[in-house]
Amino acid sequence: MKAIFWVCLLAVAAGVFSGCARVKPWEREYLADPIMQFDYNKEEKAVREHFLGTREGSAGSFGVSGGGCGCN
Amino acid sequence: MAAIRRGDRNPVLAVLAVFVLMALFISPAYAEDYAVAQTYWHGFNNGIDVYSGVFALNKDFSLNTSSYVKYTVDLINPSFGEGGGGGGDSLAKGKVAAVSGASSAVTAGGSGSKDTRHDITAGITHNFDNIMGVEAYYDFSSEKDYTSRTPTVTLKKDLFDKNTTFTAGYSRNMDSISGQFIGGTRTRNTNNYFVGVTQVLSPVTVAQLGYSRNESKGYESEGIRLVPLNSTAASACTAKSAACVDEAFPSKRSRNAYLFGINHYFKDGPTAVFDRSSFKLTMRYYKDNWDIKSYMAEVEYYKYLTEQTVLRLDYRFYDQTKAYFVKNTYTGAEEFKSASKQLEKFNSHLAGVKLTHNFRNDDNYPGFRLAAVEGKYEYYTESIKVAAHVLMAGLRFNF
Numbered sequence: 002m003k004a005i006f007w008v009c010l011l012a013v014a015a016g017v018f019s020g021c022a023r024v025k026p027w028e029r030e031y032l033a034d035p036i037m038q039f040d041y042n043k044e045e046k047a048v049r050e051h052f053l054g055t056r057e058g059s060a061g062s063f064g065v066s067g068g069g070c071g072c073n
Numbered sequence: 418m419a420a421i422r423r424g425d426r427n428p429v430l431a432v433l434a435v436f437v438l439m440a441l442f443i444s445p446a447y448a449e450d451y452a453v454a455q456t457y458w459h460g461f462n463n464g465i466d467v468y469s470g471v472f473a474l475n476k477d478f479s480l481n482t483s484s485y486v487k488y489t490v491d492l493i494n495p496s497f498g499e500g501g502g503g504g505g506d507s508l509a510k511g512k513v514a515a516v517s518g519a520s521s522a523v524t525a526g527g528s529g530s531k532d533t534r535h536d537i538t539a540g541i542t543h544n545f546d547n548i549m550g551v552e553a554y555y556d557f558s559s560e561k562d563y564t565s566r567t568p569t570v571t572l573k574k575d576l577f578d579k580n581t582t583f584t585a586g587y588s589r590n591m592d593s594i595s596g597q598f599i600g601g602t603r604t605r606n607t608n609n610y611f612v613g614v615t616q617v618l619s620p621v622t623v624a625q626l627g628y629s630r631n632e633s634k635g636y637e638s639e640g641i642r643l644v645p646l647n648s649t650a651a652s653a654c655t656a657k658s659a660a661c662v663d664e665a666f667p668s669k670r671s672r673n674a675y676l677f678g679i680n681h682y683f684k685d686g687p688t689a690v691f692d693r694s695s696f697k698l699t700m701r702y703y704k705d706n707w708d709i710k711s712y713m714a715e716v717e718y719y720k721y722l723t724e725q726t727v728l729r730l731d732y733r734f735y736d737q738t739k740a741y742f743v744k745n746t747y748t749g750a751e752e753f754k755s756a757s758k759q760l761e762k763f764n765s766h767l768a769g770v771k772l773t774h775n776f777r778n779d780d781n782y783p784g785f786r787l788a789a790v791e792g793k794y795e796y797y798t799e800s801i802k803v804a805a806h807v808l809m810a811g812l813r814f815n816f
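Taken in sequence, the protein lines are chains A and B.
The working numbering numbers the first residue of the first sequence as 2 and each following residue consecutively.
The working numbering numbers the first residue of the second sequence as 418 and each following residue consecutively.
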């Protein structure tokens, strides 16, 4: 799993820094769809992260925007 | 940091929340204005129930500025319809690491404990002439034995015709803990740092990378558990004794987490399964200085059943190692001792289904209108014999 994770990370990093993806605004019809957003329903996401954060020994990398953790 | 009185109310947060609420009703309407009302039930297999309500408002002041307010309430084992207010237990110091009552699911006496958590978040987002976006939020969370204050600042920068977005953020958790076995109030402060990049890979694919680091100092436990020594049963540790002693954690904890996500849209495909659907993969690797390592992978499948109805299927797998000081049996001579299941080795599964129905916008009826209704069911289970059902129902309004 660790190897798969790092391979995916490097592949995306290569895409990021290659600058080859230049999608024009008029080509973003599908990217604008709510089902393509990483944080469209941030209220539900916050409840999920809070619930799991109290169960699990790990935390973080959920992003910092949108309010604090308040985790116990 | 000086001890913070339990139940203290932050005047800065109150003023900010009032300001934001006033602005909601005196500024013109914009496309991104919405309100959300959600209710949740988390039902654990040891009889603990947590009922939650979430109410949020997002209001644009202008094309570049928006405000956000959210209130969350968690009711742990509430006494619906019972007289007497639940008796002394509801007034006693916390036996429940409330948040969602989750930790109490595996502690002695947890099923009878009650608590209520209030959480309010208020913030503002501003875009400086498309040069950079800034978000500033403040979160206040309070329950019987725990209070947390968290200011957050996030910066966002778009590059390459908004094909790339860099995000950097910082928040600081200022926690006050007064669990029943502490005999007072202890504090813990955590600095959280996050950097991330979102990259459009194609007209139908977007990916995300993120890294976060947390540095925590202070009282790292919750003060609601005792550690049984030698052959003492954990269920017998309801009070301090020679056989049931306080937890002892290191006073510092450093965490690192790495996140990867990718989302792909299927316009059409060989079968109807791929028509107007998306597939999202999220993976996270975590490591801290207590020797806990974890892997998380989650897949989500979204499908438009009709023009207005969306189905979501999701599955999440999580696996973690134990903290270096966690043992099956303690003699009492150890420097660090833990009775927290959160720090043990375990894995978990979470699977669920969600339906969202979106109502069409009708320009003939402007103003406050129902935009969507949603509901979900999830089942959560851990290898350490914890399980929970999760139900959610929600409404979204545009105005």
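Just so you know, the hints here were simulated from the structure itself, not pulled from any lab data.
Treat the numbers as computed from the prediction; the structure is a model and nothing was measured.
All C-beta atoms in this analysis are idealised placements derived from N, C-alpha and C, irrespective of residue type, glycine included.
One or more hints might be untrue.
Claimed, not checked - Label-pair distances were calculated between CB atoms; the ranges are:
no., chain 1, residue 1, chain 2, residue 2, range
1, B, A585, A, E30, 28 to 34 Å
2, A, W27, B, N606, 24 to 30 Å
3, B, K574, A, W27, 35 to 41 Å
To be verified - Interface residues of chain A toward chain B, partial, derived using beta-carbon atoms under 7 Å:
no., residue
4, V24
5, W27
6, S59
Status of each hint after checking the structure:
1. B/A585 <-> A/E30: 28 to 34 Å: Holds, at about 29 Å.
2. A/W27 <-> B/N606: 24 to 30 Å: violated, 48 Å
3. B/K574 <-> A/W27: 35 to 41 Å: violated, 23 Å
4. V24: OK, holds: A/V24 within 7 Å of chain B, min 5 Å.
5. W27: Violated - the Cβ of A/W27 stays beyond 7 Å from chain B, reaching only about 10 Å at its closest.
6. S59: holds, 4 Å
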